[in-house]
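There are 2 protein chains.
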Amino acid sequence: MNQKVILSVLGTLLRFLGMMMIVPLLVAFYYHESPLPFLIGIGLTEITGIYLWSSYKSDDDWKLREAFAIVAFSWLAAMFFGAIPFIVEGISPLNAFFETMSGFTTTGSSILDNIESHSKSILFWRSMIIWVGGMGIIVLFVAILPKLAIAGRQLVRAEAPGPTEDKIKPRIRDTAKILWMVYVVLSALEVAALHLAGMSTYDAVTHMFASMGTGGFSPYGRGIEAFNSPLIEAILILFMFIAGANFALLYRTLYVNHKIIFKDEEFKFYTAVVVVATAVLILALRRDIGADPFTCLRYALFQVVSLLTTTGFANTDFNLWPDSSRIVLLLVMFIGGCAGSTAGGPKAIRILLLLKYARWELFRSVHPKAVKPIKFNGKTVPENTMQEIISFVVIYFLVFIASTFCISIMGVDILTSITASITTLGNIGPGFNLVGPMASFNGMPALAKVIMIANMWIGRLEVFTVIVMFTPEFWKK
Amino acid sequence: MNQKVILSVLGTLLRFLGMMMIVPLLVAFYYHESPLPFLIGIGLTEITGIYLWSSYKSDDDWKLREAFAIVAFSWLAAMFFGAIPFIVEGISPLNAFFETMSGFTTTGSSILDNIESHSKSILFWRSMIIWVGGMGIIVLFVAILPKLAIAGRQLVRAEAPGPTEDKIKPRIRDTAKILWMVYVVLSALEVAALHLAGMSTYDAVTHMFASMGTGGFSPYGRGIEAFNSPLIEAILILFMFIAGANFALLYRTLYVNHKIIFKDEEFKFYTAVVVVATAVLILALRRDIGADPFTCLRYALFQVVSLLTTTGFANTDFNLWPDSSRIVLLLVMFIGGCAGSTAGGPKAIRILLLLKYARWELFRSVHPKAVKPIKFNGKTVPENTMQEIISFVVIYFLVFIASTFCISIMGVDILTSITASITTLGNIGPGFNLVGPMASFNGMPALAKVIMIANMWIGRLEVFTVIVMFTPEFWKK
Ligand SMILES: [K+]
Ligand SMILES: [K+]
Numbered sequence: 005m006n007q008k009v010i011l012s013v014l015g016t017l018l019r020f021l022g023m024m025m026i027v028p029l030l031v032a033f034y035y036h037e038s039p040l041p042f043l044i045g046i047g048l049t050e051i052t053g054i055y056l057w058s059s060y061k062s063d064d065d066w067k068l069r070e071a072f073a074i075v076a077f078s079w080l081a082a083m084f085f086g087a088i089p090f091i092v093e094g095i096s097p098l099n100a101f102f103e104t105m106s107g108f109t110t111t112g113s114s115i116l117d118n119i120e121s122h123s124k125s126i127l128f129w130r131s132m133i134i135w136v137g138g139m140g141i142i143v144l145f146v147a148i149l150p151k152l153a154i155a156g157r158q159l160v161r162a163e164a165p166g167p168t169e170d171k172i173k174p175r176i177r178d179t180a181k182i183l184w185m186v187y188v189v190l191s192a193l194e195v196a197a198l199h200l201a202g203m204s205t206y207d208a209v210t211h212m213f214a215s216m217g218t219g220g221f222s223p224y225g226r227g228i229e230a231f232n233s234p235l236i237e238a239i240l241i242l243f244m245f246i247a248g249a250n251f252a253l254l255y256r257t258l259y260v261n262h263k264i265i266f267k268d269e270e271f272k273f274y275t276a277v278v279v280v281a282t283a284v285l286i287l288a289l290r291r292d293i294g295a296d297p298f299t300c301l302r303y304a305l306f307q308v309v310s311l312l313t314t315t316g317f318a319n320t321d322f323n324l325w326p327d328s329s330r331i332v333l334l335l336v337m338f339i340g341g342c343a344g345s346t347a348g349g350p351k352a353i354r355i356l357l358l359l360k361y362a363r364w365e366l367f368r369s370v371h372p373k374a375v376k377p378i379k380f381n382g383k384t385v386p387e388n389t390m391q392e393i394i395s396f397v398v399i400y401f402l403v404f405i406a407s408t409f410c411i412s413i414m415g416v417d418i419l420t421s422i423t424a425s426i427t428t429l430g431n432i433g434p435g436f437n438l439v440g441p442m443a444s445f446n447g448m449p450a451l452a453k454v455i456m457i458a459n460m461w462i463g464r465l466e467v468f469t470v471i472v473m474f475t476p477e478f479w480k481k
Numbered sequence: 005m006n007q008k009v010i011l012s013v014l015g016t017l018l019r020f021l022g023m024m025m026i027v028p029l030l031v032a033f034y035y036h037e038s039p040l041p042f043l044i045g046i047g048l049t050e051i052t053g054i055y056l057w058s059s060y061k062s063d064d065d066w067k068l069r070e071a072f073a074i075v076a077f078s079w080l081a082a083m084f085f086g087a088i089p090f091i092v093e094g095i096s097p098l099n100a101f102f103e104t105m106s107g108f109t110t111t112g113s114s115i116l117d118n119i120e121s122h123s124k125s126i127l128f129w130r131s132m133i134i135w136v137g138g139m140g141i142i143v144l145f146v147a148i149l150p151k152l153a154i155a156g157r158q159l160v161r162a163e164a165p166g167p168t169e170d171k172i173k174p175r176i177r178d179t180a181k182i183l184w185m186v187y188v189v190l191s192a193l194e195v196a197a198l199h200l201a202g203m204s205t206y207d208a209v210t211h212m213f214a215s216m217g218t219g220g221f222s223p224y225g226r227g228i229e230a231f232n233s234p235l236i237e238a239i240l241i242l243f244m245f246i247a248g249a250n251f252a253l254l255y256r257t258l259y260v261n262h263k264i265i266f267k268d269e270e271f272k273f274y275t276a277v278v279v280v281a282t283a284v285l286i287l288a289l290r291r292d293i294g295a296d297p298f299t300c301l302r303y304a305l306f307q308v309v310s311l312l313t314t315t316g317f318a319n320t321d322f323n324l325w326p327d328s329s330r331i332v333l334l335l336v337m338f339i340g341g342c343a344g345s346t347a348g349g350p351k352a353i354r355i356l357l358l359l360k361y362a363r364w365e366l367f368r369s370v371h372p373k374a375v376k377p378i379k380f381n382g383k384t385v386p387e388n389t390m391q392e393i394i395s396f397v398v399i400y401f402l403v404f405i406a407s408t409f410c411i412s413i414m415g416v417d418i419l420t421s422i423t424a425s426i427t428t429l430g431n432i433g434p435g436f437n438l439v440g441p442m443a444s445f446n447g448m449p450a451l452a453k454v455i456m457i458a459n460m461w462i463g464r465l466e467v468f469t470v471i472v473m474f475t476p477e478f479w480k481k
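If you read the protein sequences in the order shown, they are chains A and B.
Here the first sequence is numbered in the working numbering, starting from 5 and rising by one per residue.
Here the second sequence is numbered in the working numbering, starting from 5 and rising by one per residue.
Misleading hints may appear alongside valid ones.
Which copy is meant is left open, because identical chains are indistinguishable; a pair holds if it fits in one copy or across any two.
[To be verified] Straight-line C-alpha distance at most 35 angstroms; calculated DSBU-like pairs for lysine-lysine:
#, residue 1, residue 2
1, Lys376, Lys480
2, Lys383, Lys272
3, Lys67, Lys8
4, Lys383, Lys8
5, Lys272, Lys480
6, Lys360, Lys480
7, Lys181, Lys383
8, Lys383, Lys263
9, Lys373, Lys8
10, Lys373, Lys360
11, Lys373, Lys383
12, Lys181, Lys263
13, Lys181, Lys373
14, Lys67, Lys379
15, Lys383, Lys267
16, Lys376, Lys267
17, Lys360, Lys379
18, Lys263, Lys376
19, Lys360, Lys8
20, Lys181, Lys124
Simulated from the structure, these hints should not be mistaken for lab results.
Build out the structure end to end from the sequences listed, making use of the hints.
Here it is, written out as structure tokens:
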């Protein structure tokens, strides 16, 4: 393991993170709030970043293990240093780490009991972390993960000029820049739209951070319900839906071929899930809560898009719905957005390919000798891609089960444990019962908080990245 | 599709089933109860059986599709005709079908509200169905399924002289006879042991039926709790554990090599699950219900063995335990007994191989070019066996999720829906909440009962056997 290159990259990352904190510092000055949390944050982060960067300056290429370690430790380092402003503000370190990891992983599960009691600049930083985390995710997905040969090399389908097999660095700049551009342009459009719909600049920016990053933090305890505006909700639905789509696909649709998005099987599947789940949920809500059709549509579409894209916003307390409506939301939590987006979850493409695999095996059990490959977007899915997807899903579920078991055995009810596990592992945000959308994760046992931090970290980094580091062979020479 | 051979086999099966009903008829005479349910049952079953057998007499070999159809329709036919005595006794047809399918699939989920109100002969037949179903399972597993190339050809490892690839019939007699012998000898031993421990002959026989078939019906509403005898529970634990082990392995251990059982990886895994789950549950129960250590051991070991082997007996109402104890039971429900036993569930060997697969993929993500096959009992697991296991688990979970969704959306709470689905799909018996061990499935919506009947059928026949019949290619020429 080349530790020098790892520490060098972490140094660069911290320098970038420290500079990011200048934004909430300016917000603090604007609202005449204490700049101390950010001054201390910037100081400690920059000092550490510059120290690492100058001591271990390295232009070495990343090999497989270095790439795993860089990805995993990047999010850990971001958690430790990003939490400094919260800790200075008086939040306990464990809760601060939870909230920061929740942000950088674009989870949006909140541990703050009384959100409105915090300063505007702290809440701004809390939301901004999501947006920064979303940028990191784009790099991770588009540039790094495909090279790690995990979870399906071809999943993102970015089709940027690729580097040679063992060198990862050159590609990062090529592809990530294009996708960051898409991300930034969409972000600007969303701020404008939300502002025009009546939100203050502060609210528009923070909610844009949370929806473009599919993060779901809101500076208000009641979340989107606080605005009670169907127009704002419609804008958020649109941008959540876009943020959950493959950014490379969006780019190619805008600049190469407008029709390409309608031919993409993952996008079609993703859209179909939204339509079907919303339709079912409307019917269930009509029966279960007896609201008028427009309200049912409003709740159903917003919550389905919010949970499928793993944003986690709520325009009503869906935790109060009967189980017969909540089951629809529970199921979409196990799907997630598209690969190459900021969304979490197992991702639509993996679920789609797994369904194709099951269908294929049924065919094969009747025609054992037939040769008929599994296809995606007209191309044969390579066998090892399928293997990677299957092992991803297997390990994802093992982590989910282990987490549910551990949280439950601490005395938390099963449904809370199930949803707390999937919502953190899938980087969604809210769950049911004790961790509902209007509740806080602060009531959970301390050890459960640690497990959920691990879930967010594992889930965001596509499970393998973190889990391999716990195998002995990763550390062997 | 050769319909003649299918109808011919079903005819033979019904003739056998009709003769089986002579046993509860004798029980009815012994207890001076109405013989009518069984006389009508025998009459209708034998007439249909003889009609089919004589009209379609066929010695043709079974090809792939015929084998699928024979297996699936055998259990359906057994359900329809086995239910006649219950219907004659006044139970509604849907409930009678549920109870009979529950028996023949060795599930043991009961829909009878007041069990003790039924006649001794009816309750005898109810328990006996399980034992007959267990015999059918042995044939299915040892002789038929391995030839269908589903779910892992080598899973059972019966190693009986095999026939040629396309001919299934000859093997049935060879291997099944040996394993039936094991089954019958163990059954006799269990009756003797239970009788010596103080059970009446009637109770000993019916509970032997239920434990050797891993079925779990009891003629008493409170189940094993009714006896309140640690000795009886210890005997049941032993025989449930044996009934959940691979019968071919038991045979070879007894007659070939006494040490072989301790070298078998599936048996070791199965035993390890019992030990670990029991230990964890003892600790959880100590904290949750505060009982003395012996009571905790008694409850924990009995319930872990009962639910892991998918028997479903209860020596206490575990549904009253807090979730932090129930979670242990919920997890073992997703494992099941060993292949080649009468137990249901995904089976220990599949879970073990899936864990090995996950571990193997983690290794591969660090060493992408390494060649290191997955091994089981020292032999390399062929790639297509692994594929079959994976697709089994994928389809098993899809059915589980679909069933949970459908039952839940009807207005049943999520935990009841989850456990009602896994307990019927895994042929376990009891679940949590509305379908707890001391409750009845009668309170479930009618459509949910149909879904659960389908679950039992699908789960017992290793999912593929039933599911392929719903694909268009199965019916194509
Ligand atoms: K989220
Ligand atoms: K059972």
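Against the structure, the hints come out as follows:
{"no.": "1", "hint": "Lys376 <-> Lys480", "verdict": "between (41 angstroms within a copy, 17 angstroms between copies)"}
{"no.": "2", "hint": "Lys383 <-> Lys272", "verdict": "within (16 angstroms within a copy, 43 angstroms between copies)"}
{"no.": "3", "hint": "Lys67 <-> Lys8", "verdict": "within (12 angstroms within a copy, 63 angstroms between copies)"}
{"no.": "4", "hint": "Lys383 <-> Lys8", "verdict": "neither (41 angstroms within a copy, 42 angstroms between copies)"}
{"no.": "5", "hint": "Lys272 <-> Lys480", "verdict": "between (44 angstroms within a copy, 29 angstroms between copies)"}
{"no.": "6", "hint": "Lys360 <-> Lys480", "verdict": "between (37 angstroms within a copy, 20 angstroms between copies)"}
{"no.": "7", "hint": "Lys181 <-> Lys383", "verdict": "within (27 angstroms within a copy, 49 angstroms between copies)"}
{"no.": "8", "hint": "Lys383 <-> Lys263", "verdict": "within (18 angstroms within a copy, 51 angstroms between copies)"}
{"no.": "9", "hint": "Lys373 <-> Lys8", "verdict": "between (52 angstroms within a copy, 25 angstroms between copies)"}
{"no.": "10", "hint": "Lys373 <-> Lys360", "verdict": "both (18 angstroms within a copy, 27 angstroms between copies)"}
{"no.": "11", "hint": "Lys373 <-> Lys383", "verdict": "both (21 angstroms within a copy, 25 angstroms between copies)"}
{"no.": "12", "hint": "Lys181 <-> Lys263", "verdict": "within (23 angstroms within a copy, 64 angstroms between copies)"}
{"no.": "13", "hint": "Lys181 <-> Lys373", "verdict": "between (47 angstroms within a copy, 31 angstroms between copies)"}
{"no.": "14", "hint": "Lys67 <-> Lys379", "verdict": "both (31 angstroms within a copy, 29 angstroms between copies)"}
{"no.": "15", "hint": "Lys383 <-> Lys267", "verdict": "within (13 angstroms within a copy, 45 angstroms between copies)"}
{"no.": "16", "hint": "Lys376 <-> Lys267", "verdict": "within (22 angstroms within a copy, 39 angstroms between copies)"}
{"no.": "17", "hint": "Lys360 <-> Lys379", "verdict": "both (8 angstroms within a copy, 27 angstroms between copies)"}
{"no.": "18", "hint": "Lys263 <-> Lys376", "verdict": "within (28 angstroms within a copy, 45 angstroms between copies)"}
{"no.": "19", "hint": "Lys360 <-> Lys8", "verdict": "between (43 angstroms within a copy, 34 angstroms between copies)"}
{"no.": "20", "hint": "Lys181 <-> Lys124", "verdict": "within (31 angstroms within a copy, 77 angstroms between copies)"}
Checked against the numbered hints above, the structure breaks only hint 4 and satisfies the rest.
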